[in-house]
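Peer 1: The chain contents come next:
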Amino acid sequence: GESVGLHLPTLSVQEGDNSIINCAYSNSASDYFIWYKQESGKGPQFIIDIRSNMDKRQGQRVTVLLNKTVKHLSLQIAATQPGDSAVYFCAEIPIEYGNKLVFGAGTILRVKS
Amino acid sequence: EAQVTQNPRYLITVTGKKLTVTCSQNMNHEYMSWYRQDPGLGLRQIYYSMNVEVTDKGDVPEGYKVSRKEKRNFPLILESPSPNQTSLYFCASSLVRGLWDGYTFGSGTRLTVV
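Chains as they are written, first to last, in the working numbering: chain A, 11 to 123; chain B, 729 to 842.
Just so you know, the hints here were simulated from the structure itself, not pulled from any lab data.
In this text, all values refer to a predicted model and were calculated from it rather than measured experimentally.
Quick reminder that beta carbons are idealized off the backbone N, C-alpha and C, glycines included.
Any given hint might turn out to be false.
To be verified - Covered stretches of chain B (chain A as the covering partner; in silico rule of three or more C-beta atoms under 8 Å from a C-beta of chain A): (1) 815–827; (2) 833–841.
To be verified - Stretch-level coverage of chain A by chain B, calculated; a stretch enters the list once three of its residues show a Cβ under 8 Å from a Cβ in chain B: (3) 48–54; (4) 109–123.
Construct the complete structure from the given sequences, taking the supplied hints into account.
Peer 2: Here it is in structure tokens:
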């Protein structure tokens, strides 16, 4: 598969446990954030988004938390499954850049069976 | 199936030999974009297109060209590839710029320039 994981932080979790993936974003003026999942050999896939007027949003088995005070975003995955193994990265939209996505570097999630 | 199709998936070429990576989408999307992804870095935008015949530079446009003659196609052209363009490339499209939950990526093109 495609190797984009060099030098990325890695999170290893046991199947069935909950995973928490963190992202520190750079621009305090960003008002929209997205989490993407990138499986080996595939392009990024949208997981969940959140606007800056919210501090939490839930999807199916995933929750995104936003802490604007410390410019921190987290993705929580409940009951992690082997199919969750991938690179996860956040993206932000800084207001001054117009409608443009700025991507973080990513975190590798490895699920142990 | 709604998708963004890139070709080729893998390409090894020599310095200076012009190449084109094709990108096609079947969703009637107006907005299309090219990114490169390098180890340890996030996706960086090369070029984007708001609609037919409307293209603009992204963050790392040097050494690349694009065209948008038809709505569905957005080829990436490397006129004279160099080793620093060795990377993983992604094409993406959305109905319009800003509808990010519908932003669809292709499967990527791994380019090696020797």
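Peer 1: Hint by hint, note whether the structure agrees.
Peer 2: Verification of the hints:
1. For the segment 815–827 of chain B, the proposed coverage by chain A is satisfied: 5 residues have a C-beta within less than 8 Å of a C-beta in that chain, meeting the threshold of three.
2. For the segment 833–841 of chain B, the proposed coverage by chain A is satisfied: 5 residues have a C-beta within less than 8 Å of a C-beta in that chain, meeting the threshold of three.
3. Proximity of the segment 48–54 of chain A to chain B, defined as three or more residues with a beta carbon under 8 Å from a beta carbon of that chain, is established by the 4 residues found.
4. With a threshold of 8 Å between beta carbons, the proposed coverage of the segment 109–123 of chain A by chain B holds, since 8 of its residues qualify and at least three are required.
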